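Undergrad: Here is how the chains run, residue by residue.
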Amino acid sequence: MSERRPEDLLRELFNRILGEGEVREVELRDVSIEADELELELRTVAQALPREVWERLVRPRAEAVEREVEVPEYEPPVEEYEGEVAEVQLGATRSEGGTRDRVVKLGGERAYFVFEAPRPNPPVVTFDVFDTPDVGIPGPIREELGDVIEDPVDWARTVVKRYGVDVITLHLVSTSPKLHDAPVEEAMETLEDVLDAVKVPIIVGGSGDPEKDVEVFVKAAEVCEGERVMLSSINEDMDFERVVEAAKEHGHVVLTFAPVDVNMMKTLNKRVLNLGLSKEDVVMDPTTCALGYGIEYTVDVMTRIRLAALHGDEYLQMPISSGSTNAWAAREAWMKEESWGPREYRGPLWEAVTATTVALCGADLLMMFHPWAVQVVQEALEYMGREREVGDVHVTDFIA
Amino acid sequence: MPRADVMEVYNLLPKSNCGACGCKTCMEFATKLVNREADPEDCPNLDEDSLKKLRELLAPPVREVTICRGDREVVVGGDEVLFRHELSYFNPPPVFIAVYDDMEEDELREKTERAQEFQVERVGETLRVDGLAVVSRTGDPERFAAAVETAVEHSEDLAIALISQDPRVLAAGLDAFDERPLLYPATEENLEDLVELAAEHECPLGLHATEVEDLVELSVRARERVEDLLLDPGTEFGPHDVVATTDKLAELRKAAVEEEFEPLGYPTLVTTFPYRFLEDDPVEAARRESYLAAACVLRYADALIMDTLEPWALLPVLTQRQCIYTDPREPQAVDPGLYKIGDPDEHSPVLVTTNFTLTYHCVADDLESADVDCWLLVIDTGGLAVDVSVAGGQFNGQAVKEALEEFNVEDKVNHRVLVIPGKAAAVKGDVEDATGWKVVIGTQDSSELPEFLEKEGLLRIKEEG
Ligand code: B12
Ligand code: SF4
Numbered sequence: 010m011s012e013r014r015p016e017d018l019l020r021e022l023f024n025r026i027l028g029e030g031e032v033r034e035v036e037l038r039d040v041s042i043e044a045d046e047l048e049l050e051l052r053t054v055a056q057a058l059p060r061e062v063w064e065r066l067v068r069p070r071a072e073a074v075e076r077e078v079e080v081p082e083y084e085p086p087v088e089e090y091e092g093e094v095a096e097v098q099l100g101a102t103r104s105e106g107g108t109r110d111r112v113v114k115l116g117g118e119r120a121y122f123v124f125e126a127p128r129p130n131p132p133v134v135t136f137d138v139f140d141t142p143d144v145g146i147p148g149p150i151r152e153e154l155g156d157v158i159e160d161p162v163d164w165a166r167t168v169v170k171r172y173g174v175d176v177i178t179l180h181l182v183s184t185s186p187k188l189h190d191a192p193v194e195e196a197m198e199t200l201e202d203v204l205d206a207v208k209v210p211i212i213v214g215g216s217g218d219p220e221k222d223v224e225v226f227v228k229a230a231e232v233c234e235g236e237r238v239m240l241s242s243i244n245e246d247m248d249f250e251r252v253v254e255a256a257k258e259h260g261h262v263v264l265t266f267a268p269v270d271v272n273m274m275k276t277l278n279k280r281v282l283n284l285g286l287s288k289e290d291v292v293m294d295p296t297t298c299a300l301g302y303g304i305e306y307t308v309d310v311m312t313r314i315r316l317a318a319l320h321g322d323e324y325l326q327m328p329i330s331s332g333s334t335n336a337w338a339a340r341e342a343w344m345k346e347e348s349w350g351p352r353e354y355r356g357p358l359w360e361a362v363t364a365t366t367v368a369l370c371g372a373d374l375l376m377m378f379h380p381w382a383v384q385v386v387q388e389a390l391e392y393m394g395r396e397r398e399v400g401d402v403h404v405t406d407f408i409a
Numbered sequence: 522m523p524r525a526d527v528m529e530v531y532n533l534l535p536k537s538n539c540g541a542c543g544c545k546t547c548m549e550f551a552t553k554l555v556n557r558e559a560d561p562e563d564c565p566n567l568d569e570d571s572l573k574k575l576r577e578l579l580a581p582p583v584r585e586v587t588i589c590r591g592d593r594e595v596v597v598g599g600d601e602v603l604f605r606h607e608l609s610y611f612n613p614p615p616v617f618i619a620v621y622d623d624m625e626e627d628e629l630r631e632k633t634e635r636a637q638e639f640q641v642e643r644v645g646e647t648l649r650v651d652g653l654a655v656v657s658r659t660g661d662p663e664r665f666a667a668a669v670e671t672a673v674e675h676s677e678d679l680a681i682a683l684i685s686q687d688p689r690v691l692a693a694g695l696d697a698f699d700e701r702p703l704l705y706p707a708t709e710e711n712l713e714d715l716v717e718l719a720a721e722h723e724c725p726l727g728l729h730a731t732e733v734e735d736l737v738e739l740s741v742r743a744r745e746r747v748e749d750l751l752l753d754p755g756t757e758f759g760p761h762d763v764v765a766t767t768d769k770l771a772e773l774r775k776a777a778v779e780e781e782f783e784p785l786g787y788p789t790l791v792t793t794f795p796y797r798f799l800e801d802d803p804v805e806a807a808r809r810e811s812y813l814a815a816a817c818v819l820r821y822a823d824a825l826i827m828d829t830l831e832p833w834a835l836l837p838v839l840t841q842r843q844c845i846y847t848d849p850r851e852p853q854a855v856d857p858g859l860y861k862i863g864d865p866d867e868h869s870p871v872l873v874t875t876n877f878t879l880t881y882h883c884v885a886d887d888l889e890s891a892d893v894d895c896w897l898l899v900i901d902t903g904g905l906a907v908d909v910s911v912a913g914g915q916f917n918g919q920a921v922k923e924a925l926e927e928f929n930v931e932d933k934v935n936h937r938v939l940v941i942p943g944k945a946a947a948v949k950g951d952v953e954d955a956t957g958w959k960v961v962i963g964t965q966d967s968s969e970l971p972e973f974l975e976k977e978g979l980l981r982i983k984e985e986g
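Which chain is which? The protein sequence lines are Z and S, in order.
Counting along the first sequence from 1, when you hit position 19 you're at 28 in my numbering, and nothing is skipped either side.
Counting along the second sequence from 1, when you hit position 437 you're at 958 in my numbering, and nothing is skipped either side.
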């Protein structure tokens, strides 16, 4: 179709507006109309034009410019990686020598992005339970959970039942010399009660005291014989060799921790593997800085770790764990501040966004504790294990 | 990795090492260009031809697109790496707030004004929204034009996006505002008309398709006539929203950056505003928007269209943006110095903190909002937080001593008492030995500091020593 001349368009336009037949005499040839002016005219009347007129006047020009173009072949940029992340099992069923009803598997990734390969095991959420309420449990979480936080057994049972969580982390913080300095035996009783009360895999958390934790973990490894718990966590500041030995002897998993540093993470993992654990027995925690409190460092460190694993670095080929509850260290999550809006909404979102951000960067296990955040994140991240889904609701449904 | 090769860039420079660009050598300038720390224009000795070649060579694989003009201008895209640690991300994604042509005029004006005025202070920065997206719900060109007029009239520096599937409606909108607004969505159905409009009005055009292959085709057809495109691979809604949407965005970005697949080398556009219509409960709608948008900010969203103006819902998104778009090559530091908080005098306490931006602002904000008058001594820890620099050794007696001397603190107060952070308790003795000042260990978190100072009687320190 040939390009129409402006005069023709204008005549047609006049015809339309004034009615066919009545403007045949209008002689435009001697009038000089700049194309710009004409377009201006056309535009101002455009909003008054009925659709058919638009179709007749403007559409043809649009079509006239449509040329045959060649669409180049598009291949999704799926990369073949040489390495893969080890798969680590938490928990053991009866047939495996434990008493869990189900187990979870972490890791196993062969690609960075889901479009390259869905994750064999989508990220798992573990719910934080503390053996004493006398730790800094943020107000909104106390409110949400209510009285159950007085009793770790009740707490564990309730969250498994109510929110369908797959793993429980029991933090034995009461053993801290700075808190209650509870004897190891007492902590072990709580641990056994929780093992009895819930049948999901268990992570045994220490108090962060480098000396006491070794005692707690060594004993817990014995008490939990056969259950394949994860001991959370060991670091360079403690006599971790003893913990590794105990894990090896009783068949448990250890969590290695390093503060936001790829090389420190790698060195620690190397030492642990050299002590005789295999990649399938180790999960690593390269530190989660909360949203607004250094999340970008965590994003970089986790990304670099995961890429290194996929490119074949054996000492970084473990699943990644994240203390996403660190989100509550950010004041935006917990502080009363009118200009930020209600903190009941802010805190859970802060936790959910922190957890989801690290999961997208590679985290496989998310330690969390706000029920709303837990549910949203569980539901959303399950899709990392599936082929991409394109839904039937689209933005165009909401635009006239 | 930066895309352009330093030697290739160097070969296009005059090699005279004249220094006019502020670099000692042309080689240094070439390195800066590749790292995007300088512009080719900074060298006055380039001819047109070399300048053009340089610009081409340095053009990022994701095109940089300007929306609107003048005060309303925003720049989107321009990235050249998949992961921020490889260089940095550029141009933080603007947030457009949706207004609708079926709103009453008052309501539309009110939302426009709220968007214009929205601001939250965080770490010394004012976080704002950046634009208004006028969405056609009625399909009526006149109503749309009226809505655009109201939005433009009651905003000052917000970018404008015109949103309708109907070219007539968009044309009417352009009548009301023709300063290069973003036009969206161009789809399979209306592509030719929208391309025509965008070309004629020199507007950036947003393409929408729900499958990446279809988006490729739209892009190939549109780029024949329009240079400035945005790509919306179809934001997903529902429980799979975060994973499916970020995954499509990642696919686009990887194809653009690593495969240099040009039809996808444009900034991306994410729309979360439909949640307003999908969720009955406005709180739930805002939560879903916030959660989805914050994830997309991490994963390659270059512009966002949102509905909510709730600060609690925008805060996570804007904070994520603030964090992810910091330059990983630079420490986030404030200048060391003796800062006045309120109106301190010779009896006011001297509080020590580090020059990490986040630390400084947490402490300064807490003290200011509690109306404390004091001196805040910010020592140089190379931009590290308190516990980090204690662990790394930058926060020590010597560093405090040097700061006391450099900023003449002895002349400002007639007492010799320093309050240090609780997290720096380990260096108390070291600081006392090095400075000879009495050291008080403060609280773990600075939000408890004002109360602590009051309780310990440290707000007015009368005695010497
Ligand atoms: C982000 C981070 C990093 C970043 C640093 C970013 C930066 N610019 O500082 C990086 C990756 C570089 C890093 C490095 C290291 N880190 Co680091 N890091 C963190 C992390 C996750 C957050 C720190 C942060 O941003 N805090 C937020 C700011 C605002 O807090 P703040 O400065 O302390 O300020 C608060 C208080 O101190 C107080 N306050 C501040 N000023 C004042 C003043 C007064 C008078 C008072 C009363 C109060 C007060 O109020 C503020 C607001 O709450 C922490 C863990 C955590 N805390 O969550 C680990 C952590 C601090 N790191 C740790 C370590 C060991 C290190 C390294 C030594 C290890 C390594 N990776 O090599 C290095 C040291 C580097 C060096 N110094 O050379 C350890 C420190 C352990 C310890 N206490 O001994 C921590 C606690 C992690 C851990 N649990 O092991 N780290
Ligand atoms: S101004 Fe140009 S010629 Fe002079 S040193 Fe810089 S790059 Fe080289």
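I should point out that these hints are in silico values taken from the structure, not numbers from a laboratory.
It is possible that part of the hints are untrue.
[What the hints assert, rightly or not] Listed next, the in silico DSS-like pairs over lysine-lysine satisfying Cα-Cα at most 30 Å (straight line): (1) S/Lys933 / S/Lys976; (2) S/Lys536 / Z/Lys187; (3) Z/Lys228 / Z/Lys275; (4) S/Lys922 / Z/Lys345; (5) Z/Lys187 / S/Lys933; (6) S/Lys922 / S/Lys983; (7) Z/Lys275 / Z/Lys208; (8) S/Lys959 / S/Lys933; (9) S/Lys574 / S/Lys536; (10) S/Lys933 / S/Lys949; (11) Z/Lys345 / Z/Lys279; (12) Z/Lys187 / S/Lys959; (13) S/Lys861 / Z/Lys345; (14) Z/Lys345 / Z/Lys275; (15) S/Lys976 / S/Lys949.
[Stated by the list, open to error] Derived contacts from chain S toward chain Z, CB cut-off under 8 Å, selection only: (16) Val602; (17) Phe604; (18) Phe611; (19) Asn612; (20) Gly660; (21) Pro706; (22) Thr731; (23) Glu734; (24) Phe758; (25) Thr767; (26) Glu772; (27) Glu781; (28) Val804; (29) Thr840; (30) Gln841.
These figures come from a predicted structure and were not determined experimentally.
Even glycine gets a Cβ: it sits at the ideal position worked out from N, Cα and C.
Undergrad: Straight-line Cα separation of S/Lys959 and S/Lys933 no greater than 30 Å?
TA: holds (16 Å)
Undergrad: Using Cβ atoms only, decide whether S/Glu781 comes closer than 8 Å to chain Z, and label the hint accordingly.
TA: violated (10 Å)
Undergrad: Does Z/Lys208 lie within 30 Å of Z/Lys275 when you go C-alpha to C-alpha?
TA: Violated - the C-alpha atoms of Z/Lys208 and Z/Lys275 are around 33 Å apart, more than 30 Å.
Undergrad: Holds or violated: is there a CB of chain Z closer than 8 Å to the CB of S/Val602?
TA: violated (11 Å)
Undergrad: Are S/Glu734 and chain Z close enough, Cβ to Cβ, to be under 8 Å, as the hint says?
TA: holds (6 Å)
Undergrad: The hint names S/Asn612 as touching chain Z; please verify it with the least Cβ-Cβ distance against 8 Å.
TA: Constraint on S/Asn612 not satisfied, violated at 16 Å.
Undergrad: When the nearest CB of chain Z is found for S/Gly660, is that gap smaller than 8 Å?
TA: Holds: closest Cβ of chain Z sits about 4 Å from S/Gly660, inside 8 Å.
Undergrad: Taken at face value, is the distance from the CA of S/Lys949 to the CA of S/Lys976 at most 30 Å?
TA: OK: S/Lys976 and S/Lys949 at ~21 Å, within 30 Å.
Undergrad: Against chain Z, is S/Gln841 within 8 Å by beta-carbon distance?
TA: Interface hint status for S/Gln841: holds (6 Å vs cutoff 8 Å).
Undergrad: Quick check on S/Phe758 please, does its C-beta sit within 8 Å of some C-beta on chain Z?
TA: holds (5 Å)
Undergrad: Quick check on S/Thr840 please, does its C-beta sit within 8 Å of some C-beta on chain Z?
TA: For S/Thr840, the interface hint holds, since the closest Cβ of chain Z sits about 4 Å away, which is under 8 Å.
Undergrad: Taking 30 Å as the top limit, are the C-alpha atoms of Z/Lys345 and Z/Lys275 close enough?
TA: violated (40 Å)
In this structure, the earlier hints numbered 2, 4, 5, 7, 11, 14, 16, 18, 19, 27 are contradicted, and the remaining ones agree with it.
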